[in-house]
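When the letters of the sequence shown are read in order and numbered with the working numbering, they come out as residues 1486 to 1799.
Be aware that one or more of the hints could be misleading.
[As the list claims (entries may be wrong)] Cβ-Cβ distance ranges computed for the label pairs, FRET-style:
id, residue 1, residue 2, range
1, A1667, D1770, 19 to 27 angstroms
2, G1499, E1775, 48 to 56 angstroms
3, A1667, R1743, 22 to 30 angstroms
4, G1499, R1776, 23 to 31 angstroms
5, R1563, R1776, 30 to 38 angstroms
6, D1707, V1774, 14 to 22 angstroms
7, D1770, A1587, 26 to 34 angstroms
8, A1661, M1767, 28 to 36 angstroms
Note that these hints are calculated values from the structure, not bench results. We put the beta carbon where it would ideally sit given N, CA and C, even for glycine.
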Amino acid sequence: MRARFTAFCDTHRGRQPYDCLLAWSGGKDSTYTLALLRQRYDLRVLAYTFDNGFVSPRALDNMRQVADALDVDHIIVRPRFDVLRTIFRQAAERPDVYPVKALTRTSSVCNACMGLAKGIGAQLALRHGVPMVAYGWSPGQAPLASALFARPIRLYRPMVEALASPLRRLTSVDIAPYFPTAEDWARVETPPCDVAPLLLHPYDEPSVVAAIEALGWRRPTDTDPNSSNCLLNAYGNATHRARYGFHPYALEMANLVRQGIMERSEALARLEAPEDPAVLTMVQDRLGVERFASCQIGAVGAPHTSVGTGGHRQ
């Protein structure tokens, strides 16, 4: 698979102003993915960041530092906060918007956030004519087949439109500005491939962090244990745990344990760590929602059995 990805990069390198569009959250995995694309695969990357209004200030500074270190063009898209507030509030309050399968690995708040981020990415990808859109998916988040995944336009367009459908149920505001237009679709015959190069390389979190720290990245101190960029994540986790009784990261952690990438004890510690009350209060105040009681959040955790047994690196 790595050879296929290398050949794909070789085929498309230099044929468009940008070889690749990267969905860059500023977190450790997407930042390391950017480094791989630039340093190992020698691609000209346009990085874009969806600012959901809750990006850690440290993460924003990290992106400035790393973009300069890697000579990368970087676009930050920040939609109107009144639109974001409504979408995130409704996503947290309505259990009927996203299918059960989607909620086994991601909170409804994060599903809504990712839908907007991917819609914006599709718009940018079509307008810039890039052959690939890269994501910082780790081995616990996606299978190897996701490392290089192509769809014909007859499947790509419905996939993008399916991202918009739940969002239209969450807000009465027109979300068309955040998705491709009819003109965008008309100019494209072959849509971009989704790529996740992190899946093609050995994954070791300390090594990943060390590599990006050399580029000026520093771990934020205000995010939860499962995020290195987003403050909204804690609220999404808390609402998910309160409603369903398990942590939305349980499946990802279990996959990492089973692959020998993470020890079971570390996975359990991340899943059982309570959300920071100060961060939760800030998010809830900005969204204008009722605050959780500290005991309510701390009392709901992921079942131990969901994480499986420990393993060792192969």
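Verification of the supplied hints:
no. : hint                                 : verdict
1   : A1667 with D1770: 19 to 27 angstroms : 39 angstroms, violated
2   : G1499 with E1775: 48 to 56 angstroms : 54 angstroms, holds
3   : A1667 with R1743: 22 to 30 angstroms : 44 angstroms, violated
4   : G1499 with R1776: 23 to 31 angstroms : 53 angstroms, violated
5   : R1563 with R1776: 30 to 38 angstroms : 25 angstroms, violated
6   : D1707 with V1774: 14 to 22 angstroms : 20 angstroms, holds
7   : D1770 with A1587: 26 to 34 angstroms : 28 angstroms, holds
8   : A1661 with M1767: 28 to 36 angstroms : 30 angstroms, holds
Hint check: violations occur at hints 1, 3, 4, 5; the rest are consistent with the structure.
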